[in-house]
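K.L.:
Each chain, written out:
2 protein chains.
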Amino acid sequence: MKFWSNKAKSIEPYTYGEQPKDKKYIKLNTNENPYPPSPKAVKIIRELDENIYKLYSDPTCSEIKEAISKVYNVDKEQVFVGNGSDEVIAFSYQAFFDKGDKIIYPDITYSFYPVYSKMYDTTEIINPLNEDFTMNLKGFNQEGKGIILTNPNAPTGIALTLEEIESVIQNNLDKLIIVDEAYVDFGAESAVKLINKYNNLLVIQTFSKSRSFASLRIGFAIGNKDLIKALHIIKDSYNPYTLDTIGIKAGATAMLDVEYFDKTRKAIMSTRDRIKKELEKLGFEGTNSKSNFLFMKHNSLDGEYIFKKLKENGVLVRYFNKPRINNYLRISIGTDEEMNEMIKILKEKILK
Amino acid sequence: MKFWSNKAKSIEPYTYGEQPKDKKYIKLNTNENPYPPSPKAVKIIRELDENIYKLYSDPTCSEIKEAISKVYNVDKEQVFVGNGSDEVIAFSYQAFFDKGDKIIYPDITYSFYPVYSKMYDTTEIINPLNEDFTMNLKGFNQEGKGIILTNPNAPTGIALTLEEIESVIQNNLDKLIIVDEAYVDFGAESAVKLINKYNNLLVIQTFSKSRSFASLRIGFAIGNKDLIKALHIIKDSYNPYTLDTIGIKAGATAMLDVEYFDKTRKAIMSTRDRIKKELEKLGFEGTNSKSNFLFMKHNSLDGEYIFKKLKENGVLVRYFNKPRINNYLRISIGTDEEMNEMIKILKEKILK
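These protein sequence lines map, in sequence, to chains A and B.
Each residue of the first sequence is one higher than the last, beginning at 21 in my numbering.
Each residue of the second sequence is one higher than the last, beginning at 21 in my numbering.
Looking at chain A on its own, in the form it has when it is part of the complex:
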């Protein structure tokens, strides 16, 4: 570690969901979409002219910004695109927060925010979730520079209403409010419709979940032009071409294929609601998830035990060994066949 920076020596990186290669698993641990992306987008990739590859991708990401602005009915200058929503969040920290700035988020939420807080030397202010894992909205009304609302929250899956989000914004007009909507398309309402009303609102979404493109690394932010401009300054001071040409073109096509998007996200919501009932019959209880995952615990068996037994039987789910949630499992919604297989394994091999 002779040549390491203090940051490299001290930071604890994000722990991503395991990707074991020892056998073929039913993979319900990283909230991926069980369906392939829009066939139109796949076709675009397969038919790209080979001569496009030698050229740098468009650093302004014009084509995909155009598509996003069309679907969300905003100006192109109100859209920023990056290499996954993780990158967009990392850019937001650098664009809007200085060393020591207080950023407020819940104790139980996306576990990357605390990493960013350390990475960018901001101060983490924890506003704990209520006993039932709902958000303590009034708890955000305290001194700080920024608030991160994950809607629906992860790993709980619980959604805020648009009115609840607006109340947080209105009570904190001097703070930057980031609404991380990675899972919004599975039953929650987007805050994009508020961006013209509030200049302190930045909405972040991803292609990794509802658009089945986790492989391509596309995230985006929608907000007023002034916020978007700051994100561009950070990107162009770091890596102007973070999005590759295939991501730009296939992403634009997937965004415009609203019909396929609606069909697949509805299928996932329907599977989720059905499987939740099945699990409840088996003694599980959990949150009212509006995401592409369930967050549940069993009334007699330990979460960690079920996690390990499922893994032994070829089903990967996510278990967090953290206070308050260390008895819960986060189960991504797969295809009906995958979920039926999981239920069968639970019934026949674990809860028997």
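Watch out, some of these pointers could steer you wrong.
Where chains are identical, the list cannot tell them apart; a pair therefore holds if satisfied intra-copy or between any two copies.
In silico DSBU-like pairs for lysine-lysine, Cα to Cα no more than 30 Å straight-line [to be verified]:
1. 138 / 245
2. 74 / 296
3. 138 / 119
4. 122 / 217
5. 138 / 331
6. 74 / 44
Just so you know, the hints here were simulated from the structure itself, not pulled from any lab data.
Chain A is already provided as a structure; the job is to place chain B on it using the hints.
P.N.:
Frame of chain A, contents of chain B only:
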């Protein structure tokens, strides 16, 4: 700018080569490869199973690291891969340098280093090139935490010998030495063969030039395992999946297609040497470029004038309005046809 960070307010982003869309240009301004990537790599992209897209890319980038380690005859743990060499350099700043650390590089070199120095709050120490644009090797022997050697240098194209690089390393064993080899495959010698001898050496390369994949955003670093580990810590604290699945798979295939790589880079070197002579006949003189570009000035006409006239006539080259080099043009090497067309335009429309 109410919500902007001090960084966003103060930093001057990197200026990338223009990508005008007003008409079709002969594009000799961003050092792209004129040939498409390995046909085997293109085939991989076209035949990818649609079901791979919904899954996150491999955060360990195993497949492409394996290919790189094979071709460069190093351990897989000595390889780091990122989203373009710009990202790898940005990660290096964060992994190895702290606020205020002195980083030494020439006055004329890749113009992103000064942006990174500001972005990551390090102190820039300029070691000016000699009068003839060669490096002042002894000038690196001064107090500092790091040295960046670009080999060949850009935009001059001048290469250092392996002995010269080793002398800098030996004289600065307490500094981290980054050798940026973006253009090394066009006639210079790589410092990769020194990594087992020196624990302070990090070699950075890219797929954007000699491997014709500027579109896919793949850069890599080779160095001892301890340095590589620090880069992973930074990546996993920022965006664990910076490389997408297509980049990983197509990149691995392109890396292993050594035959195609050799054929195309040799074609470019041969075109470069031929065109340099043609330009000399027209009154240009320039450096001994070992890159996929020429760096030349004319004996009577201004660089900026020629740049503008070429653009009017549909040929884009790069002009830097900077001290010492504001009479030079950086001309990327295109196909023989493109370069012949440029020579024809110079002869018939500009130098007439």
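K.L.:
Please write out, lowest number first, the hints stated earlier that are contradicted by the structure.
P.N.:
Going through the list in order, the structure violates hint 5 alone and respects the others.
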